[in-house]
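Engineer: If you read the protein sequences in the order shown, they are chains A and B. For the first sequence, our numbering assigns the number 14 to the initial residue and increments by one for each residue that follows. For the second sequence, our numbering assigns the number 14 to the initial residue and increments by one for each residue that follows.
Hints in this document: simulated from the structure, not taken from any laboratory. Don't take every hint at face value.
[As the list claims (entries may be wrong)] Derived DSBU-like pairs (lysine-lysine); straight-line CA-CA distance at most 35 angstroms:
| no. | chain 1 | residue 1 | chain 2 | residue 2 |
| --- | --- | --- | --- | --- |
| 1 | A | K223 | B | K336 |
| 2 | B | K103 | B | K458 |
| 3 | B | K458 | A | K463 |
| 4 | A | K57 | A | K336 |
| 5 | B | K167 | A | K325 |
| 6 | A | K403 | A | K377 |
| 7 | A | K167 | A | K325 |
| 8 | B | K223 | A | K335 |
| 9 | A | K458 | B | K73 |
| 10 | A | K458 | B | K95 |
Number of protein chains: 2
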Amino acid sequence: MNPPDILELKKIVGEENLRDSKADLYVYGADASVYEGKAFVVVKPRTIPAVQELMAYADKNSIPVIPRGSGSGMCGQTVPVKGGIVLDMKGLNRILEVNVNDAYCRVEPGVVDDDLNRALSPHGFFYPPTPASSRIATIGGEIGNNASGTRSVKYGAARDSVLGMKVVLANGDCVNLGSRTRVASSGYPLERLMIGSEGTLAVIVEATLKFVPLPKFRCMGIANFNKLEQAGDAISEIIASGCSPSMLELIDKVAITAVNQSMNLGLPDVEAILLFEADGMVMEAVDFEIEKAREICAAHQGSGIEVSYDAKERERIFAGRKKLFPALSRYREYLASTSLADDMAVPFSRMADTARKIHETADKHGIIMTAYGHCGAGCMHTKILMDTTKGAQWEAAREAIAEIYEHVRSVDGTTSAEHGIGMSKAPAFKQEKHDLLDLMRSVKKAFDPKGILNPGKLMDAPDDWMSAARLRYVTQEGKDA
Amino acid sequence: MNPPDILELKKIVGEENLRDSKADLYVYGADASVYEGKAFVVVKPRTIPAVQELMAYADKNSIPVIPRGSGSGMCGQTVPVKGGIVLDMKGLNRILEVNVNDAYCRVEPGVVDDDLNRALSPHGFFYPPTPASSRIATIGGEIGNNASGTRSVKYGAARDSVLGMKVVLANGDCVNLGSRTRVASSGYPLERLMIGSEGTLAVIVEATLKFVPLPKFRCMGIANFNKLEQAGDAISEIIASGCSPSMLELIDKVAITAVNQSMNLGLPDVEAILLFEADGMVMEAVDFEIEKAREICAAHQGSGIEVSYDAKERERIFAGRKKLFPALSRYREYLASTSLADDMAVPFSRMADTARKIHETADKHGIIMTAYGHCGAGCMHTKILMDTTKGAQWEAAREAIAEIYEHVRSVDGTTSAEHGIGMSKAPAFKQEKHDLLDLMRSVKKAFDPKGILNPGKLMDAPDDWMSAARLRYVTQEGKDA
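Next comes chain A alone, as it looks inside the complex:
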């Protein structure tokens, strides 16, 4: 792969939209993963023709291009591991159309999730895939990773909200995928193939999204369980009963401890807390769902059950979950919260034993792991809390992760629920999808014959995540972990 000609790039995007200072390359070299890399240059195109020209130039000269939103990805998706050009798509950040009569909106990829929802809200609608990082996450990045969040149990992931998109191909051609209509069966659904492709197939420059009515009522509930398995049984029964919660969250003991320590919330000393929410246009319908969830929790020895429609009360109930992410970083001095094995999906009935397996495996290897997540969608989030200055802790993490993913595969789970693969989950992904890697490479080649789009990711990432790129940590032993 070749370095680009800075003068050529300036001609294409304009001098003011190109950065190559040391500081810029440092910032754009990392995302929310454990990795760092180094691009040759960062460009921020402001128009689709500029993206087209850039791609044509990069393709002709075999230069890697890494499309990037806000860099909130946790698996190294946007880390430039082969140099090249980081394409900062936040320069394309307009909401082009909110069409309520046709129930779609068209947005540029750099639009931030919360901003889109602020634009939809006055019309009485919302865009539901919303991840926890919605304050910064861009629609392009969400599509690239098939993002979802706490409400995916009812409203699905990005793949359930995308109708079509405009993409720039590796050769610079701009094409329309999908449709603006609610249903479509017009040939290969290439727009769906893009969802979760992590910037390796084409550059999304516009998306057509559907949206759903904002519910008038929300009610949130909480239940504490002495045993993880009791919470697990409650989850399965809620699902099997045909209950339709708009949220169903599991918080494990490690997470409870972290939140209590860091925020003094006084959550009970139990193995698991379940949060459940129902929403709707009519209070009776919300009551119906909440009552079912409440009864099932009680039947499985859930204690301290509370439910509330009141906004302030809901906020109080949800506080533990909301503050979880920052709280984990303050769990114990010297322990950093690293995004490793950060999300996996398992069938609903396997949430509890998967959480148990995660804790046991962490104990065995002398690290600390949380197991919380959107159990209504089978999504388990984990963080590894470890002393990143110790090489031995990294080795322990490597072994623990391999064992945990082996368990995930054994219960018919999948490597990633909503964060994607990037590099950190590539080994587990490659084991899970071993029989599809060649097919994925052929598909990649159909879109990107020279392999310039985000190289070194997914099926093309190394088999060992620890050596996939430089880690953003230095061990006391004086070398990278």
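Once you have looked at the hints, place chain B on chain A.
Structural biologist: Just chain B now, with coordinates in the frame of chain A:
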């Protein structure tokens, strides 16, 4: 392309699962489209290894293979136009698992939609993509065409219900696509690429589907509109209001006439009838949606508005829509109902003017066309009623169809909503997706390098639908239309 060796095939599937009599080849040569073709042989494998062996044999010997469910496709998807082997997938018709705790089921591709729903119903769930042909349509065929039906406005199409699948590739390899989990972001979503690929990429041998709770209450309403445009405005406003009907159907004047003539239903002499339905677990929630729809219909001069929860009354209200399809065949002596331009999707706000355009274009060309459909999903169904013994009528149909699809594209519509492309819609499809055809061919090649899977369909179908295959009609002029 080569003919297969019958003895070899008998060894693979067993003598009892192979047919090559003249009558069998005739039956399996056609589907519900205007076309007929001729396969060399029909085989009905009973196991996945048999499918694998067949594909490996066909691939090695460059023999076309046409996967087929019940042959209810309307666009020629399963018509064997290059000879070869018709793969009757109804030999694989077991429901393998109904897992209520994990909210998925696993089925073989030959399972009939209604049979699956009969199996889910005792658990309190249903599989919603259900097309009108659900008595015969198979799950494999529905996935191959991204099928949907009257309830797609609320519950989506096949693509919204498929979690994963097992497919046999052209080379005989059997691989798992997607997952069993509710969410997943583990690399390219190849399972989604399969949905709507019409048997051209791989052979589906198992599908993992999600299902949704059966609603306890259903309420149906009807409103008559003197002008199509009034109905159109009501549709747009229902959508824009955030109303969530479980069904929203448009019946046009031609369809009303057909139903009245054939069944003496006494539907009013208006330009359009809207049927609307809401469903839910709680009656207050259903009332809320129905009242909103009813008010909006009234505000747009809808008359004769009725709503009912009663099953018999709902049946009576829906009778016109339900009997529409057979009624069209009895519209007038000598006129046959042909599946041409049979479904297109347009944005909600363009339903009325698209219906108007269809009627005007038909009038201009001396044919009769209906325009009815699932307007809650932007899906417009049409039939051309014509004297198929007259070559001039076929020519008129060709011109009318071209003009109508030009309109569909001009209003941001798409060629097919839920029936697929096959051959009859290939010209319109190729015009709509002109910039994607090479990319689709490259993707096809990645899956099926020798091009043995259902050749001559989609992007590889001829530019003129009338000469794509032999038509199942003979004109008085003594030659094929």
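Engineer: Would you check the hint for K458 (chain A) and K95 (chain B), treating anything up to 35 angstroms between C-alpha atoms as holding?
Structural biologist: The hint holds at about 28 angstroms.
Engineer: Please verify whether K458 (chain B) and K463 (chain A) have alpha carbons no more than 35 angstroms apart.
Structural biologist: holds, 17 angstroms
Engineer: Sort out whether K335 (chain A) lies within 35 angstroms of K223 (chain B), counting only the CA atoms.
Structural biologist: holds, 29 angstroms
Engineer: Taking only the CA atoms, is the gap from K167 (chain A) to K325 (chain A) under or equal to 35 angstroms?
Structural biologist: holds, 23 angstroms
Engineer: Does K325 (chain A) sit within 35 angstroms of K167 (chain B), going by the straight-line distance between their CA atoms?
Structural biologist: Judged against 35 angstroms, a Cα distance of about 32 angstroms means the pair holds.
Engineer: Does the alpha-carbon distance linking K223 (chain A) and K336 (chain B) stay inside the 35 angstroms limit?
Structural biologist: With a Cα-Cα distance of about 32 angstroms, the restraint between K223 (chain A) and K336 (chain B) holds, given a limit of 35 angstroms.
Engineer: Holds or violated: K103 (chain B) and K458 (chain B), Cα atoms, limit 35 angstroms.
Structural biologist: holds, 27 angstroms
Engineer: Between K403 (chain A) and K377 (chain A), is the straight-line Cα distance small enough, at 35 angstroms or below?
Structural biologist: Given pair K403 (chain A), K377 (chain A) holds - Cα atoms ~17 angstroms apart, limit 35 angstroms.
Engineer: Taken at face value, is the distance from the CA of K73 (chain B) to the CA of K458 (chain A) at most 35 angstroms?
Structural biologist: Status holds; Cα separation ~24 angstroms.
Engineer: Taking 35 angstroms as the top limit, are the C-alpha atoms of K57 (chain A) and K336 (chain A) close enough?
Structural biologist: The given pair, whose Cα atoms are some 33 angstroms apart, holds under the 35 angstroms limit.
Against the hints set out earlier in the document, no violation occurs for any number.
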